[in-house]
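*Asks:* Sequence:
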Amino acid sequence: MASLVRIGVSRLVNANSSKNLLFTKTEFNLVRTISSKLIRSKDTDRPPKPQPWNYNDKSYTILNYWTDRTTSRLDENSKIIVVEGPVAAGKTNFAKTLADELDMLYLPEANLDMVYINQYGYDLRQLDEQLPEPCRSFDIKDFLLNPKHRNTAAFQILQYHTKYSQYIDALAHLLSTGQGIVLDRCCFSDFVFVEAMYKQGYLSKPAYKAYYEIRSNTITELLRPHLVVYLDVPVHTVQENIKKRAIPSEKNSQVLTPQYLSVMEKTYKQNYLKEISKHAELLIYDWSEGGEVEIVVEDIERIDFDSYDVQDPKMKDWRHHSEEDWGVLRNKYADKKDSVLAYFNVPVFNVPELMIEAEDAKHYYDIIQSAPGEVYEPGFNAAMGDSVLFKAKGQHRNTLPHRERNLE
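Read left to right, the sequence shown gives residues 1 to 408 (the UniProt record's numbering).
Heads up, a few of these hints could be off.
Unchecked claim - Beta-carbon label-pair distances, calculated as ranges: (1) K42 x E289: 42 to 48 Å; (2) E240 x N54: 43 to 49 Å; (3) K362 x D299: 54 to 60 Å; (4) G291 x G394: 43 to 49 Å; (5) K244 x K266: 22 to 28 Å; (6) I62 x R150: 43 to 49 Å; (7) D68 x E240: 48 to 54 Å; (8) P132 x G394: 28 to 34 Å; (9) R403 x P52: 18 to 24 Å; (10) P313 x L283: 15 to 21 Å; (11) S59 x E289: 47 to 53 Å; (12) D386 x P48: 34 to 40 Å; (13) Q259 x S370: 41 to 47 Å.
These are computed hints drawn from the structure, not numbers from a lab. All C-beta atoms, glycine included, are put in the ideal place defined by N, C-alpha and C.
Make a model of the complete structure from these sequences and hints.
*Replies:* Structural data, given as structure tokens:
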């Protein structure tokens, strides 16, 4: 098999110049197609790669650009794949199996359990009774049973924030380790839920506009996925699947009606898939009765991800020609996550349901900051078993846990 990464001749000729190593144009041609785990295991000529960079604990700064080249870890499977589809389509099992078949990291659907349960395992939702109503937790189970609650708008924006945070983690992982990612949904499709919520009257017009202001201010900071796999299931089958899996909050929900699910389906197909296909490869499967992941893997292996010229919008987010460009992106997502998340700071003073009175906010912070594991920064809570002796610095980055959503 041809070398996975080919260094340009000009770079080899000028190898003695450290400046050229970083700033001259670097030509590296990745193998065009994704390979399954089986094929990769039989490839004995695969060039060695550096060990994965521990981006959770180590900084990657401009000084590291010289000694730890980002492209040295990238190969044909260094891709972001997103699995999309309606509720109860079988996305989770499909995405897990696909990730295993392609030897990629699986990231579960971003959910608020990742936010409300802290690093010490304490669920902050236990404190709700002590908090003013606007400050209380509100997750998917609450929304499904009470969609017209005051906190619905804040819930949906927090959902988007969590998906966005997870996607930053996915980019950091790919650029720091070279391992590809399979996500169960992502932040790019989150507006599908917003459209369904707004059409059913669960979001006010000011809240709806505020969501899109936040989205437009944030979404362009991310690299779009290489591939989207959409599992198509008609509305009536979705409802049958919801009944079969018998999750109480879904089964008793006022939300998951044919009207709500139809708006989701329409928005997916007429808006999201149409738009994302301009930038990413797209595979759509009739998943009404499930299917074989092996067939999908074969289809993925046939995709040529490098068949587009520099003028083509498809894959343009992933076309970078210098080691510096790749290093800057890696530093942005691995080391500057909080700076990227700061783009969420959009004023929403005209949306009452997104505002909290100052007295309520103070009460909230007083209660939360006295909770187990919240008194000090993570790693400095001796009461939770942390060893703080001689500890001089805190957590390097806030990476979301890979925690499955609990709907029971």
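*Asks:* State the violated hints by number, sorted upward, taking the hints as numbered earlier in the document.
*Replies:* 1
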